[in-house]
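Asker: I would like the entire structure built from these sequences, with the hints used as guidance.
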Amino acid sequence: MIITVNINGKNVTEDIEADLILLDFLRKHGCYSVKRGCETSNCGLCTVLMDEKPVLSCSMLAAKADGKNIMTLEGLQKEAEEFGTFVANQGAEQCGFCNPGFIMNVIAMFREYENPTDEEIKEYLAGNLCRCSGYEGQMRAIKKFMAERKGAK
Amino acid sequence: MLTIKEYVKAATIDEAYDLNQKKTNCICGGMIWLKMQRKNVQTIIDLSGLGLDKIEEREDEFEIGAMVTLRDIEENKALNDYTNGAVKESVRHIVGVQFRNVATVGGSIFGRFGFSDVLTMFIALDSYVKLYKGGIVSLEEFAKMPKDRDILMSIIVKKQPLKCVYMSQRNTKTDFPVIACGLSLVGDTYKIVLGARPAKAAAITYKKDESMDIKEFAEKMGEAAAESFDFNTNMRASAEYRKHLAKVIVKRACLKMEGVY
Amino acid sequence: MKDTVKNLKTVTKPIMKKDAMSLVTGKPVYMDDVVPDNCLIVKVLRSQHANAMVEEVNKKAASMVPGVVGIYTWEDVPQERFTMAGQTYPEPSPYDRLILDKHVRYVGDPVAIVAGENEKAVDKALKLLKVKYEVLEPLLDFRKAKDNEILVHPEDNWKSLCPVGADNKRNLCASEKTSHGDVEKVLSECDVVLERTYHTKANQQAMMETFRTYCYMDTYGRLNILSSTQIVFHVRRIVSNALGIPKSKIRVSKPRIGGGFGAKQTVVAEVFPAFVTWVTGRPSKMIFTREESQIASTPRHEMEMTVRIGANKDGKIRAIDLYTLSNTGAYGEHGPTTVGLSGHKSIPLYNVEAFRFDYDVVYTNVMSAGAYRGYGATQGIFALETAVNELAAKLNIDPMKIREMNMVHEGDIMYAYYGEKSNSCALDRCLARVKEMIDWDNKYPCRDMGNGKVRSVGVAMAMQGSSISNLDVGSATLKVNDDGFYTLIIGAADMGTGCDTILAQIAAEVLECDVDNIAVLGADTDASPYDSGSYASSTTYLTGKATYDAAMKLREKIIELGAEMMGEDKEKCEFDGSKVFYPESGKDVSMVDIGTKSMLNNNITMELTESCSSPVSPPPFMAAAVEVEVDKETGTVDVLDYAAVVDCGTPINENLARVQTEGGIGQGIGMALFEEVQYTEEGRMMNNSFMQYKLPARVDYGKIRVEFESSYEPTGPYGAKSIGEIVIDTPCPAITDAVYNATGLFIREMPITPEKIVMGLIENEN
Numbered sequence: 003m004i005i006t007v008n009i010n011g012k013n014v015t016e017d018i019e020a021d022l023i024l025l026d027f028l029r030k031h032g033c034y035s036v037k038r039g040c041e042t043s044n045c046g047l048c049t050v051l052m053d054e055k056p057v058l059s060c061s062m063l064a065a066k067a068d069g070k071n072i073m074t075l076e077g078l079q080k081e082a083e084e085f086g087t088f089v090a091n092q093g094a095e096q097c098g099f100c101n102p103g104f105i106m107n108v109i110a111m112f113r114e115y116e117n118p119t120d121e122e123i124k125e126y127l128a129g130n131l132c133r134c135s136g137y138e139g140q141m142r143a144i145k146k147f148m149a150e151r152k153g154a155k
Numbered sequence: 142m143l144t145i146k147e148y149v150k151a152a153t154i155d156e157a158y159d160l161n162q163k164k165t166n167c168i169c170g171g172m173i174w175l176k177m178q179r180k181n182v183q184t185i186i187d188l189s190g191l192g193l194d195k196i197e198e199r200e201d202e203f204e205i206g207a208m209v210t211l212r213d214i215e216e217n218k219a220l221n222d223y224t225n226g227a228v229k230e231s232v233r234h235i236v237g238v239q240f241r242n243v244a245t246v247g248g249s250i251f252g253r254f255g256f257s258d259v260l261t262m263f264i265a266l267d268s269y270v271k272l273y274k275g276g277i278v279s280l281e282e283f284a285k286m287p288k289d290r291d292i293l294m295s296i297i298v299k300k301q302p303l304k305c306v307y308m309s310q311r312n313t314k315t316d317f318p319v320i321a322c323g324l325s326l327v328g329d330t331y332k333i334v335l336g337a338r339p340a341k342a343a344a345i346t347y348k349k350d351e352s353m354d355i356k357e358f359a360e361k362m363g364e365a366a367a368e369s370f371d372f373n374t375n376m377r378a379s380a381e382y383r384k385h386l387a388k389v390i391v392k393r394a395c396l397k398m399e400g401v402y
Numbered sequence: 024m025k026d027t028v029k030n031l032k033t034v035t036k037p038i039m040k041k042d043a044m045s046l047v048t049g050k051p052v053y054m055d056d057v058v059p060d061n062c063l064i065v066k067v068l069r070s071q072h073a074n075a076m077v078e079e080v081n082k083k084a085a086s087m088v089p090g091v092v093g094i095y096t097w098e099d100v101p102q103e104r105f106t107m108a109g110q111t112y113p114e115p116s117p118y119d120r121l122i123l124d125k126h127v128r129y130v131g132d133p134v135a136i137v138a139g140e141n142e143k144a145v146d147k148a149l150k151l152l153k154v155k156y157e158v159l160e161p162l163l164d165f166r167k168a169k170d171n172e173i174l175v176h177p178e179d180n181w182k183s184l185c186p187v188g189a190d191n192k193r194n195l196c197a198s199e200k201t202s203h204g205d206v207e208k209v210l211s212e213c214d215v216v217l218e219r220t221y222h223t224k225a226n227q228q229a230m231m232e233t234f235r236t237y238c239y240m241d242t243y244g245r246l247n248i249l250s251s252t253q254i255v256f257h258v259r260r261i262v263s264n265a266l267g268i269p270k271s272k273i274r275v276s277k278p279r280i281g282g283g284f285g286a287k288q289t290v291v292a293e294v295f296p297a298f299v300t301w302v303t304g305r306p307s308k309m310i311f312t313r314e315e316s317q318i319a320s321t322p323r324h325e326m327e328m329t330v331r332i333g334a335n336k337d338g339k340i341r342a343i344d345l346y347t348l349s350n351t352g353a354y355g356e357h358g359p360t361t362v363g364l365s366g367h368k369s370i371p372l373y374n375v376e377a378f379r380f381d382y383d384v385v386y387t388n389v390m391s392a393g394a395y396r397g398y399g400a401t402q403g404i405f406a407l408e409t410a411v412n413e414l415a416a417k418l419n420i421d422p423m424k425i426r427e428m429n430m431v432h433e434g435d436i437m438y439a440y441y442g443e444k445s446n447s448c449a450l451d452r453c454l455a456r457v458k459e460m461i462d463w464d465n466k467y468p469c470r471d472m473g474n475g476k477v478r479s480v481g482v483a484m485a486m487q488g489s490s491i492s493n494l495d496v497g498s499a500t501l502k503v504n505d506d507g508f509y510t511l512i513i514g515a516a517d518m519g520t521g522c523d524t525i526l527a528q529i530a531a532e533v534l535e536c537d538v539d540n541i542a543v544l545g546a547d548t549d550a551s552p553y554d555s556g557s558y559a560s561s562t563t564y565l566t567g568k569a570t571y572d573a574a575m576k577l578r579e580k581i582i583e584l585g586a587e588m589m590g591e592d593k594e595k596c597e598f599d600g601s602k603v604f605y606p607e608s609g610k611d612v613s614m615v616d617i618g619t620k621s622m623l624n625n626n627i628t629m630e631l632t633e634s635c636s637s638p639v640s641p642p643p644f645m646a647a648a649v650e651v652e653v654d655k656e657t658g659t660v661d662v663l664d665y666a667a668v669v670d671c672g673t674p675i676n677e678n679l680a681r682v683q684t685e686g687g688i689g690q691g692i693g694m695a696l697f698e699e700v701q702y703t704e705e706g707r708m709m710n711n712s713f714m715q716y717k718l719p720a721r722v723d724y725g726k727i728r729v730e731f732e733s734s735y736e737p738t739g740p741y742g743a744k745s746i747g748e749i750v751i752d753t754p755c756p757a758i759t760d761a762v763y764n765a766t767g768l769f770i771r772e773m774p775i776t777p778e779k780i781v782m783g784l785i786e787n788e789n
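Residue numbers (the working numbering), protein chains in the order written: chain S, 3 to 155; chain D, 142 to 402; chain F, 24 to 789.
Be aware that one or more of the hints could be misleading.
BS3-like mimics (lysine-lysine), calculated; alpha carbons at most 30 Å apart, straight line [as the list claims (entries may be wrong)]:
| id | chain 1 | residue 1 | chain 2 | residue 2 |
| --- | --- | --- | --- | --- |
| 1 | D | K361 | F | K476 |
| 2 | F | K655 | D | K384 |
| 3 | F | K655 | S | K124 |
| 4 | D | K229 | F | K655 |
| 5 | S | K80 | F | K83 |
| 6 | F | K125 | D | K397 |
| 7 | D | K314 | D | K341 |
| 8 | F | K655 | D | K304 |
| 9 | F | K476 | F | K779 |
| 10 | F | K147 | D | K397 |
| 11 | S | K30 | F | K147 |
| 12 | D | K397 | F | K779 |
| 13 | F | K125 | F | K224 |
| 14 | S | K30 | D | K304 |
| 15 | F | K779 | D | K180 |
| 16 | F | K155 | S | K145 |
| 17 | D | K348 | F | K125 |
| 18 | D | K180 | F | K83 |
| 19 | D | K180 | F | K155 |
Derived from the structure by calculation, the hints contain no laboratory data.
Answerer: Have a look at this one:
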């Protein structure tokens with residue numbers, strides 16, 4: 003079947019098999035930031051934005067993305083660098099494998115909440131697992147990022 | 142490993158229904174459960190083009206389309222005002238935001254999963270399912286029906302003056318519940334719904350006794366509930382522990398409803 | 024010595040990891056991001072039985088699937104046994120593996136390898152393979168394994184290379200007895216002797232990137248392996264053993280690794296694509312699914328530990344007797360070695376007159392265990408620290424106080440730690456500080472919060488090692504390049520730990536330059552100097568020492584070349600990082616010019632390698648205190664606040680030491696409260712996904728607070744010891760202690776599930 007998906011601002015039209023998973027479709031089109039960490043929708047590594055909402059690309063058919071806008075970290079390099087610097091300043095990126103999915107969801111969170119509380123942050127990001135950091139460094143990065151953003155305003 | 146030969150985004154519900162009559166075909170909601178199955182599907186039927194993704198509030202009812210996501214009901218103000226936040230509480234522990242942006246109410250209800258928080262929650266309300274062929278059926282009834290090839294179009298929640306509370310116990314914060322409890326009070330009748338026993342949610346009713354001290358009453362209602370349901374063992378918890386939890390959670394839900402927990 | 028630490032310019036500084044910005048912006052740096060599209064897909068068919076003989080594999084239908092390139096069964100692979108454990112040769116782990124075996128020993132053991140042009144073809148072929156098994160009765164209870172009539176490894180070509188007490192005809196992977204002093208005599212003199220048995224389950228490392236390997240044949244006809252591994256050199260030897268091909272025909276390197284935690288210290292995926300590429304000549308890759316990573320990998324050893332601990336009424340601990348039974352599963356990877364740490368890295372926390380430590384490691388028909396952060400110490404420390412807390416409770420002594428009375432101090436001889444002297448130990452300061460951080464004196468033992476909820480505190484201590492003494496080899500190569508920048512080449516593996524940066528910091532400190540001036544390359548068996556690999560808490564300490572030594576020697580070379588350029592006596596010249604100068608005359612020559620000169624008419628080698636092994640393995644120490652809230656009605660334990668203070672010697676990079684600690688504690692909380700590998704009665708592993716094996720999410724616990732109390736380790740680079748493993752050791756005993764202080768229950772089996780608490784309380788009532 004033929005689908006057209008807008009990936010990071012560029013329309014891609016392709017004849018795909020019905021059971022192609024969105025994650026594999028995106029990686030095939032150069033979005034290597036999108037990672038598979040589980041196959042059961044639990045880890046959040048494959049998070050991408052579909053029409054602005056964070057979704058799990060490992061659990062979605064590429065066919066379902068027909069006519070939709072998909073953003074991956076490849077299309078959000080400026081945001082990734084801005085926020086990512088705060089993560090890196092904590093050393094909290096560690097192995098890095100969960101970072102793209104985590105940062106995608108942080109970007110989504112900040113689009114929904116301007117000033118989330120600690121509880122809101124934890125709950126919004128609960129579906130982003132990280133085995134290295136124990137989450138503390140990620141939290142410090144988020145708080146410092148928010149503080150700097152506030153200062154800049 | 143799930144394999145799919147063909148994908149059809151149904152243009153009409155009629156088309157979806159016809160396609161779904163073939164045993165090798167399958168309707169997909171959020172795909173989360175379907176994707177984990179080892180199954181060969183001929184045609185997957187996507188309902189997302191049928192406008193079933195809306196929550197409508199009318200004077201006497203809510204109608205929640207089958208393709209509404211768990212995140213949608215979590216964020217819906219009217220629904221949460223009506224249930225005093227119980228709907229949000231019933232889904233906010235489910236994995237994460239991205240998961241809830243994908244998983245659908247219809248998928249959760251139609252699957253009639255034992256662990257379903259959504260089913261437990263909605264049985265506690267005066268809920269009905271709207272089936273394409275089967276018409277309107279009470280959710281409690283639907284939960285007991287065997288799976289067939291009809292199409293679940295929406296969930297209808299009849300409004301009435303009620304109080305309700307949702308509580309669950311989980312081994313980790315984002316895990317399946319080991320016991321889930323939806324409690325509503327209409328007039329002087331409580332509806333106690335227990336899910337994840339690990340069998341799917343079912344309900345009993347219980348009369349309010351105004352003469353008793355609330356704490357004493359809650360305790361008694363918890364004990365009665367624990368005796369009224371069957372409990373079983375799975376990898377997450379034993380039957381015995383679940384029975385104990387049922388007592389505690391029903392008691393707490395009752396107290397919470399009165400603002401004393 | 025402390026002054027030297029104060030004046031450091033690069034070491035101790037929270038420098039950003041060299042790869043950080045690539046990682047946070049999602050650059051394609053992991054194995055599956057960099058391999059070509061044309062590789063064969065390799066998968067294996069796995070046994071559905073816990074113990075069976077493969078009678079026949081009917082490949083007919085499967086091999087007709089278009090795109091299938093090869094299907095291999097036990098008859099197609101070499102018949103020499105080997106071990107997949109990443110250890111120095113001769114490995115203590117027995118040679119009990121084949122790439123594919125006629126005898127399958129757990130549910131998940133590979134039966135056949137399928138290689139094909141694409142994933143769909145391979146999946147289809149796997150479905151069409153028909154296997155006829157002779158199903159045998161499995162041995163699933165590790166308590167009954169020793170001398171059971173069911174033998175997991177009855178075969179005659181099983182072999183053990185080291186004297187570890189292994190005997191396959193008794194299901195023994197290892198067995199040993201050690202002691203110091205007369206334990207029975209001292210115990211008989213004690214006022215109180217407690218005997219308790221503790222049980223820890225297998226846990227999965229669950230690194231976010233599953234096991235994966237890519238192989239291809241290079242221009243020279245050599246097998247190239249690009250793998251997500253902590254141990255490139257061991258992989259080379261193991262693949263050579265498995266395939267029966269010369270080591271000279273193999274090159275192993277690693278890209279960025281998406282976490283390891285010890286899982287990737289064992290060869291899990293490598294042999295299968297290596298075999299396919301070697302026989303077909305075609306590039307291939309194998310990527311484990313999460314399910315495979317859960318059911319057919321290399322988790323922590325399940326252990327049962329019986330502790331006898333004797334003390335005087337006043338709390339003076341006099342003797343410890345420990346017996347550990349360890350479950351290595353179907354194969355012996357890391358079986359003989361992990362068990363040792365359960366005693367050797369727990370008992371030395373206390374100064375006792377006598378100790379005894381005996382153990383057996385047994386085979387059973389479950390997935391093979393392996394190396395997981397903590398490596399046996401985690402299990403032993405849970406047992407011993409809980410026994411000490413039980414003793415304190417019995418004697419009605421504050422658990423802080425019993426530790427203050429008995430713990431090891433700097434200068435003590437640690438008899439249970441191979442008689443090593445504790446040259447650097449700030450454990451006393453660590454304990455004092457956590458006591459303050461958690462406000463112990465106000466919070467111990469507990470406070471009732473109403474509604475069945477109780478808040479309480481608990482404490483534990485831990486130690487680990489820093490490299491394996493007299494065995495591990497750490498190496499570093501440093502060279503001078505144009506413009507005077509340096510390349511540091513290592514065989515240690517950065518798996519997210521930040522060792523590329525940490526080692527560069529050490530080199531930069533010595534060479535008095537910016538960390539950015541040091542490019543790091545690793546690890547590649549063809550290019551890197553030999554290094555045992557990144558495990559056993561060895562990289563900062565041992566490879567760090569080698570880096571320090573190499574940098575010190577390179578300084579001399581730089582001065583020598585600079586002096587030659589100026590025509591001066593090198594003995595009178597100095598180097599300040601940017602130039603070599605001759606103080607008497609004021610002459611100098613810049614590092615840029617020295618770099619240029621090194622490439623023009625030069626006879627002085629400006630590249631060198633240093634290797635080192637250590638006669639000692641200095642333990643890092645740690646103390647932790649936790650505050651929890653226990654819901655006595657539901658059994659839920661919420662960790663509210665976890666305070667930890669670590670003595671890792673000098674933290675080379677405080678940021679990275681901190682995140683290691685926080686991450687290790689996070690994993691430890693998972694092990695303490697809910698992570699558990701469970702089997703059905705038929706031996707099928709139930710926790711086969713992240714849906715059924717729940718890792719801690721960020722909502723699962725409150726805050727973790729980490730501080731450092733540094734000692735100065737004289738044998739380490741700039742006083743450093745290790746930190747990677749010790750950080751997982753305290754949550755099990757500390758949380759167990761807190762739960763006791765809230766409920767009066769000592770939960771002696773991990774994890775402390777809500778159900779165990781509720782059922783325990785009900786039992787106590789009756």
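Asker: With reference to the structure, classify each hint as holding or not holding.
Answerer: Here is how each hint holds up against the structure:
1. Between K361 of chain D and K476 of chain F the CA atoms are separated by roughly 21 Å; this keeps the pair inside 30 Å, and the hint holds.
2. Note on K655 of chain F and K384 of chain D: the hinted pairing holds, with a Cα-Cα distance of about 15 Å set against a maximum of 30 Å.
3. Taking the CA atoms of K655 of chain F and K124 of chain S, the gap is about 25 Å. The hint holds against a cut of 30 Å.
4. Between K229 of chain D and K655 of chain F the alpha-carbon distance is near 26 Å, which keeps this suggested pair within the 30 Å criterion.
5. Pair hint K80 of chain S plus K83 of chain F does not hold up; C-alpha atoms about 54 Å apart against a cutoff of 30 Å.
6. Between the alpha carbons of K125 of chain F and K397 of chain D the distance comes to roughly 61 Å, so the proposed pair goes past 30 Å and is violated.
7. Between K314 of chain D and K341 of chain D, the direct Cα distance comes to roughly 20 Å. Compliance with the 30 Å bound is thereby established for this hinted pair.
8. At most 30 Å may separate the alpha-carbon atoms for a hinted pair to count; K655 of chain F and K304 of chain D meet this at roughly 27 Å.
9. Distance hint between K476 of chain F and K779 of chain F is fulfilled; the C-alpha atoms sit about 16 Å from each other, no more than 30 Å.
10. Of the pairs offered as hints, the one joining K147 of chain F and K397 of chain D is violated, with about 54 Å between alpha carbons and a cut-off of 30 Å exceeded.
11. Proposed proximity of K30 of chain S and K147 of chain F is supported: the alpha carbons are some 22 Å apart, at most 30 Å.
12. Using a Cα cut-off of 30 Å, the hinted pair K397 of chain D and K779 of chain F holds, with the two alpha carbons roughly 26 Å apart.
13. Taking the CA atoms of K125 of chain F and K224 of chain F, the gap is about 29 Å. The hint holds against a cut of 30 Å.
14. Of the pairs offered as hints, the one joining K30 of chain S and K304 of chain D is violated, with about 51 Å between alpha carbons and a cut-off of 30 Å exceeded.
15. With a CA separation close to 37 Å, the supplied pair K779 of chain F and K180 of chain D exceeds the 30 Å bound.
16. Of the pairs offered as hints, the one joining K155 of chain F and K145 of chain S is violated, with about 59 Å between alpha carbons and a cut-off of 30 Å exceeded.
17. This hinted pair does not check out: K348 of chain D and K125 of chain F have alpha carbons roughly 65 Å apart, beyond 30 Å.
18. Between K180 of chain D and K83 of chain F, the direct Cα distance comes to roughly 23 Å. Compliance with the 30 Å bound is thereby established for this hinted pair.
19. In summary, the hint linking K180 of chain D to K155 of chain F is supported, as the alpha carbons are separated by about 23 Å, within the 30 Å threshold.
The structure is inconsistent with the numbered hints 5, 6, 10, 14, 15, 16, 17, although it conforms to all the rest.
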